[in-house]
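*Asks:* Hey, can you work out the whole structure from these sequences and the hints?
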Amino acid sequence: MYSSAFAAEYQIRGNIIGQRATYQIKYDDSLFEIARMYDIGYNDICNANPGFDPFIPEENRFIVIPTEWILPDVEIRRGIVVNLAEMRLYYFLNDATNSVMTFPVGIGDEGKETPLGLFSVIEKIKNPAWYVPKSIQLEKPDLPAVVPPGPDNPMGSRALRLSKPTFLIHGTNRPWGIGTRNSHGCMRLYEEDVLQLFEKVDIG
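Quick note: this note's numbering has the sequence shown finishing at residue 229, numbered continuously throughout.
I should point out that these hints are in silico values taken from the structure, not numbers from a laboratory. Small disclaimer: the values here were computed from a predicted structure and weren't measured. All clues given are correct.
Derived lysine-lysine pairs resembling DSSO-like cross-links, with alpha carbons at most 30 Å apart:
no. : residue 1 : residue 2
1   : Lys225    : Lys189
2   : Lys225    : Lys151
3   : Lys165    : Lys189
4   : Lys149    : Lys189
5   : Lys151    : Lys137
6   : Lys225    : Lys137
7   : Lys151    : Lys165
8   : Lys149    : Lys225
9   : Lys189    : Lys151
10  : Lys149    : Lys159
11  : Lys137    : Lys189
12  : Lys189    : Lys159
13  : Lys137    : Lys165
14  : Lys165    : Lys149
15  : Lys159    : Lys137
16  : Lys137    : Lys149
*Replies:* Okay, here's the thing in structure tokens:
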């Protein structure tokens, strides 16, 4: 399992969490690999470092790691809050720690937007099968009606079903899409992140 070098859980002491960092590029690095190592999205690292080749960045140069965030402006800091513009999920822990976990997400593509609203988690699913929606079957007729759990399943190893029908928060078998608009509306997380979130979140 891929391991992030950066903390996902922060104690809340104000409206800002985290701290910006720098990283010196090594031979054979890519911005995608660095982004995943620091648990940020592909868009975050590219936007913070314009002019760098994302696939073959220049060795030994320093880049900015944008690991400082303003917490969402919500009345009650509780449960999951997603900032779609930021492509980032915040989970306010419902315990005495006064802490928040945060993860980058991939969201719905143009014309297939991730819905806005207040939803609840109605089901937690380990190793989900993917029941291919009819709209996707029309786009990709070679797909089977059901994709079983495994490396070919785009839902990854964990899924949280929401009260909005057909929409889920889940893992992915395409980690390079985290921090981009590339889904049909669901929210995708790195596998190492969805495993953490899955263990913390309660149904309801």
